[in-house]
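K.L.:
One letter stands for each residue in the lines below.
Protein chains: 2
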Amino acid sequence: MSAPARIVLIGAGNVGSRLAQRFADQGYPLLQVFSRSPLKRAFPAPFVNRISDIVPDAEVYLIAVPDDAIADVAAQLAGQIHPGALVAHTSGSTPSAVLSPFFEHFGVCYPLQTFSPERIPDFNEIPVCVDAPSRVDLEVLQQVAAIISPRVYHLDDRQRARVHLAAVFVNNFVNHLYHTGFQLLKEADLPFELLLPLIRETAAKIKPDSDPAYLQTGPARRGDEQTIRRHLEALAGNPEVEQLYQQITSAIQSFHQKPFPHAHHRPD
Amino acid sequence: MSAPARIVLIGAGNVGSRLAQRFADQGYPLLQVFSRSPLKRAFPAPFVNRISDIVPDAEVYLIAVPDDAIADVAAQLAGQIHPGALVAHTSGSTPSAVLSPFFEHFGVCYPLQTFSPERIPDFNEIPVCVDAPSRVDLEVLQQVAAIISPRVYHLDDRQRARVHLAAVFVNNFVNHLYHTGFQLLKEADLPFELLLPLIRETAAKIKPDSDPAYLQTGPARRGDEQTIRRHLEALAGNPEVEQLYQQITSAIQSFHQKPFPHAHHRPD
Numbered sequence: 692m693s694a695p696a697r698i699v700l701i702g703a704g705n706v707g708s709r710l711a712q713r714f715a716d717q718g719y720p721l722l723q724v725f726s727r728s729p730l731k732r733a734f735p736a737p738f739v740n741r742i743s744d745i746v747p748d749a750e751v752y753l754i755a756v757p758d759d760a761i762a763d764v765a766a767q768l769a770g771q772i773h774p775g776a777l778v779a780h781t782s783g784s785t786p787s788a789v790l791s792p793f794f795e796h797f798g799v800c801y802p803l804q805t806f807s808p809e810r811i812p813d814f815n816e817i818p819v820c821v822d823a824p825s826r827v828d829l830e831v832l833q834q835v836a837a838i839i840s841p842r843v844y845h846l847d848d849r850q851r852a853r854v855h856l857a858a859v860f861v862n863n864f865v866n867h868l869y870h871t872g873f874q875l876l877k878e879a880d881l882p883f884e885l886l887l888p889l890i891r892e893t894a895a896k897i898k899p900d901s902d903p904a905y906l907q908t909g910p911a912r913r914g915d916e917q918t919i920r921r922h923l924e925a926l927a928g929n930p931e932v933e934q935l936y937q938q939i940t941s942a943i944q945s946f947h948q949k950p951f952p953h954a955h956h957r958p959d
Numbered sequence: 692m693s694a695p696a697r698i699v700l701i702g703a704g705n706v707g708s709r710l711a712q713r714f715a716d717q718g719y720p721l722l723q724v725f726s727r728s729p730l731k732r733a734f735p736a737p738f739v740n741r742i743s744d745i746v747p748d749a750e751v752y753l754i755a756v757p758d759d760a761i762a763d764v765a766a767q768l769a770g771q772i773h774p775g776a777l778v779a780h781t782s783g784s785t786p787s788a789v790l791s792p793f794f795e796h797f798g799v800c801y802p803l804q805t806f807s808p809e810r811i812p813d814f815n816e817i818p819v820c821v822d823a824p825s826r827v828d829l830e831v832l833q834q835v836a837a838i839i840s841p842r843v844y845h846l847d848d849r850q851r852a853r854v855h856l857a858a859v860f861v862n863n864f865v866n867h868l869y870h871t872g873f874q875l876l877k878e879a880d881l882p883f884e885l886l887l888p889l890i891r892e893t894a895a896k897i898k899p900d901s902d903p904a905y906l907q908t909g910p911a912r913r914g915d916e917q918t919i920r921r922h923l924e925a926l927a928g929n930p931e932v933e934q935l936y937q938q939i940t941s942a943i944q945s946f947h948q949k950p951f952p953h954a955h956h957r958p959d
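Line by line, the protein sequences are chains A and B.
When you line the first sequence up against the numbering used here, it's residues 692 to 959, in that order.
When you line the second sequence up against the numbering used here, it's residues 692 to 959, in that order.
Hints are computed from structural coordinates only; laboratory data are not their basis.
Please note: incorrect hints may appear among the correct ones.
If chains are identical, the list can't say which one is meant, so a pair holds when it fits in one copy or spans any two.
[Stated by the list, open to error] PhoX-like, lysine-lysine: derived pairs with alpha carbons at most 25 angstroms apart:
1. 896 - 731
2. 877 - 898
3. 898 - 731
Based on the provided sequences and hints, a complete structural model is requested.
P.N.:
Given below as structure tokens:
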């Protein structure tokens, strides 16, 4: 079976616009891109901004809109397209069943990455998580996903929700800690650039097959109560950051007090 | 003034061993490296493991040992070396004054990076923070630091302590969130490799001159209470991770409820 050649994309935000470019770059230009609002940049596909202008006879429709707009967009799309078409959304945290009232053939095609207006991620590395209740539809989505990236995973709703939850920790929550570091330096008139190499290296040293706990260092890890006390004193004027410090410090301490196979890491 | 050519390094852990290699690579091989324990790998400098074998007449002695061992090492070194020598430690959180009882010339030379046995960081990017009470000693340390990296900063104890505190957030605490992501996937038999591109991209998109808050996304940022509730339900069996989720979520919400100049970021 060859990859579906007639794909329509609904949504032209950060995810949608990167996907449109990727399909074009891979030699599978999209049939159409729909977005309610005008596009902010040139698009490598014909653009429409009225639902009624969406072609009815594509093979696959990908819905890349904010989570809370998926059902609404699906309802409008349903009256417009051929009932044999396959419709998938690109959300990590939304069950595929949100599409079931509207379409016979539906599923999920979730690229697990953070997309921003200014950066083009390396699509060859991005895991794309697909799911569909029908085996045939799943196979089609696997082919669509394989256009985006060679790393295609079949995960059900429950597994995808778990991945999305973990992603909140390593992306959204981590970004808030970056912001906290920024704030701490700004308060002292110090440039954020000081932290940048550390931020990049901390991420770069993580390995795909090993618990990052093996790389854990710092005062909480080594039980350096004196430094922890000094840090808490320095944060005394900032109760929210102080609480964050205490909470994560005690989480690290509680984890590392448990039996833990310290194979190859010597704490510094 | 030319860079000091006679430098002795005390300590051969993660920091010490990378520094020794860097000095050699830069054309300034160290005069000696001292370590109490035998070396784990070949060193690009003569190695001694008795204090009494340390040469007394180097220009600079760099102490790269764990924070709580600095004073002890300094006390031993003091009886051994020429009083005109300059002695500096490499610690972020230790005041330079810890060396003042032992030496006339002392200071700090703190490379702000996480060093691990298996990775060679890009030294050209590493900020090196120097300080010394005497102007002449400071200039010498600036020259030593410039051998390590072109990015040399003069920060006093207070500023360096602040940078170290911020580093705990973006390095130690971030690593614990990586571990939490690992655990969440492991509990569901999902491979950690799924999160790796996201981890790297989240770090890569940070800019040196802009608050990471501009890049904040996710359920907390966009006030998606339904997803937050679903995540908390999923964490119900894991009170510690649940508490961490709640705490960081409310920190994000509280920050983003305040007036905040949302210049160029459209939350997704």
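K.L.:
Now tell me if each hint is right for this structure.
P.N.:
Evaluation of the provided hints:
Taking the shortest Cα distances, residue 896 and residue 731 sit within 25 angstroms of each other only across copies (20 angstroms), while inside one copy they are farther apart (36 angstroms). In this homomeric assembly, residue 877 and residue 898 come within 25 angstroms of each other (Cα to Cα) only across copies, at 14 angstroms, whereas the closest approach inside a single copy is 32 angstroms. Taking CA atoms no more than 25 angstroms apart as the test, residue 898 paired with residue 731 passes between copies only; the shortest distance there is 22 angstroms, against 37 angstroms inside one copy.
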